[in-house]
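Asks: Sequence:
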Amino acid sequence: MNPATLISLSTVRLLCGNAGVSASVGTGFFYGAEFNVPEGVATFPMVVTNKHVVANCNEIKMTLTVRQPSTDISEMVVAPGDIHQVFLIPGCQERMLLHPDPNVDLCAFFIGDIMEDIHSAGYQLRNTFLNARFLVPDDEIKNVRPIEPVMMVGYPNGLWDEKNNRPLARRGSTASHPFLKWNGKPEFVIDAACFPGSSGSPVFLFEDLMYRTKDNAYTPGTRAQLLGILASGPLYTSEGKLIQRNIPTSTTIVPVVQSMMNLGNVVHASAISDIVSIGKEASLAGKGFPKAIQL
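Numbering-wise (the working numbering), the sequence shown opens with residue 436 and increments by one.
These are computed hints drawn from the structure, not numbers from a lab. Just so you know, not all the hints are guaranteed correct.
Restraint ranges, calculated between C-beta atoms of paired labels, are given here [stated by the list, open to error]: (1) Leu730 with Lys649: 44 to 52 Å; (2) Asn538 with Lys649: 41 to 49 Å; (3) Gly619 with Asp517: 43 to 51 Å; (4) Ile518 with Gly619: 26 to 34 Å; (5) Trp617 with Asn578: 16 to 24 Å; (6) Ala717 with Trp617: 24 to 32 Å; (7) Ala490 with Met511: 14 to 22 Å; (8) Asn697 with Pro515: 38 to 46 Å; (9) Ala454 with Asn566: 31 to 39 Å; (10) Ser608 with Lys577: 29 to 37 Å; (11) Asp643 with Gly455: 37 to 45 Å; (12) Asp643 with Asn599: 21 to 29 Å; (13) Lys649 with Gln729: 22 to 30 Å; (14) Met436 with Asp596: 35 to 43 Å.
DSSO-like cross-link-like pairs, simulated, lysine-lysine; straight-line CA separation at most 27 Å [stated by the list, open to error]: (15) Lys620 with Lys486; (16) Lys620 with Lys726; (17) Lys715 with Lys726; (18) Lys486 with Lys616; (19) Lys496 with Lys726; (20) Lys722 with Lys486; (21) Lys496 with Lys649; (22) Lys486 with Lys715.
Beta carbons: idealized from backbone N, C-alpha and C, even for Gly.
Using the sequences and the hints given, assemble the complete structure.
Replies: Pasting the structure below:
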């Protein structure tokens, strides 16, 4: 399967709220954290998003597409018998893994119980789980330029292909170097339209048809490597002041279009490793939480 198809399957639309009422919508993406345990290598399935997406909410609703195990899948990634299942995660804060730095807007939550329910019913999840192998390898970082093409996958303004349970992909470019700390923070800036609902979107270094290798040579194919997670962006207020704020998540209309600068601040993908460490400790400690419910 082409890398472009794989990354288009990496996200999930998050409806966050309380007592059955959704107050915000954002983007999350599937991530399979791997770590060593006495029995071998364990995979910790989780969804990564921003802290501000899930703040002040106690439940998350998300729609997952499952299917019978099959290898006969086209790049369209639609198969007869696909089933859209809605899962409600009550008490979601109890399974939340927050980045230890309060200034890093990144978190994740465990979905192992959901995966077990899907597999025990004889299905498999259609989506792609990103992992450390989607990151830019250390020996390739030196060749990454200040201006690179990027692809962001998510749900701007909450928009999605509800019929097929698919996100939207948007192109842009890096506006600052993706491996330098923007103003001392572990983030960089992209030039892209970052609308409400895009919070938590994975941002990929994306080259198609031809891409550069670590030797600075070009080779045919597609490259899609995770650079970071969209979190915030600069806006102009009605008074003409420039402010930095989280990408809005409200499910109601947020009048920010005229003030948007089409710039977005992206948390470095390397910050995920800090959450993986917390997840490992929670897993080994056998931390419990309310079970997800299929609606």
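Asks: Work down the list of hints and note, for each, if the structure agrees.
Replies: Hint-by-hint comparison with the structure:
no.: 1; hint: Leu730 with Lys649: 44 to 52 Å; result: holds (46 Å)
no.: 2; hint: Asn538 with Lys649: 41 to 49 Å; result: violated (32 Å)
no.: 3; hint: Gly619 with Asp517: 43 to 51 Å; result: holds (46 Å)
no.: 4; hint: Ile518 with Gly619: 26 to 34 Å; result: violated (47 Å)
no.: 5; hint: Trp617 with Asn578: 16 to 24 Å; result: holds (20 Å)
no.: 6; hint: Ala717 with Trp617: 24 to 32 Å; result: holds (30 Å)
no.: 7; hint: Ala490 with Met511: 14 to 22 Å; result: violated (36 Å)
no.: 8; hint: Asn697 with Pro515: 38 to 46 Å; result: holds (40 Å)
no.: 9; hint: Ala454 with Asn566: 31 to 39 Å; result: holds (35 Å)
no.: 10; hint: Ser608 with Lys577: 29 to 37 Å; result: violated (20 Å)
no.: 11; hint: Asp643 with Gly455: 37 to 45 Å; result: holds (42 Å)
no.: 12; hint: Asp643 with Asn599: 21 to 29 Å; result: holds (22 Å)
no.: 13; hint: Lys649 with Gln729: 22 to 30 Å; result: violated (44 Å)
no.: 14; hint: Met436 with Asp596: 35 to 43 Å; result: violated (19 Å)
no.: 15; hint: Lys620 with Lys486; result: holds (16 Å)
no.: 16; hint: Lys620 with Lys726; result: violated (36 Å)
no.: 17; hint: Lys715 with Lys726; result: holds (19 Å)
no.: 18; hint: Lys486 with Lys616; result: holds (20 Å)
no.: 19; hint: Lys496 with Lys726; result: holds (13 Å)
no.: 20; hint: Lys722 with Lys486; result: holds (20 Å)
no.: 21; hint: Lys496 with Lys649; result: violated (41 Å)
no.: 22; hint: Lys486 with Lys715; result: holds (19 Å)
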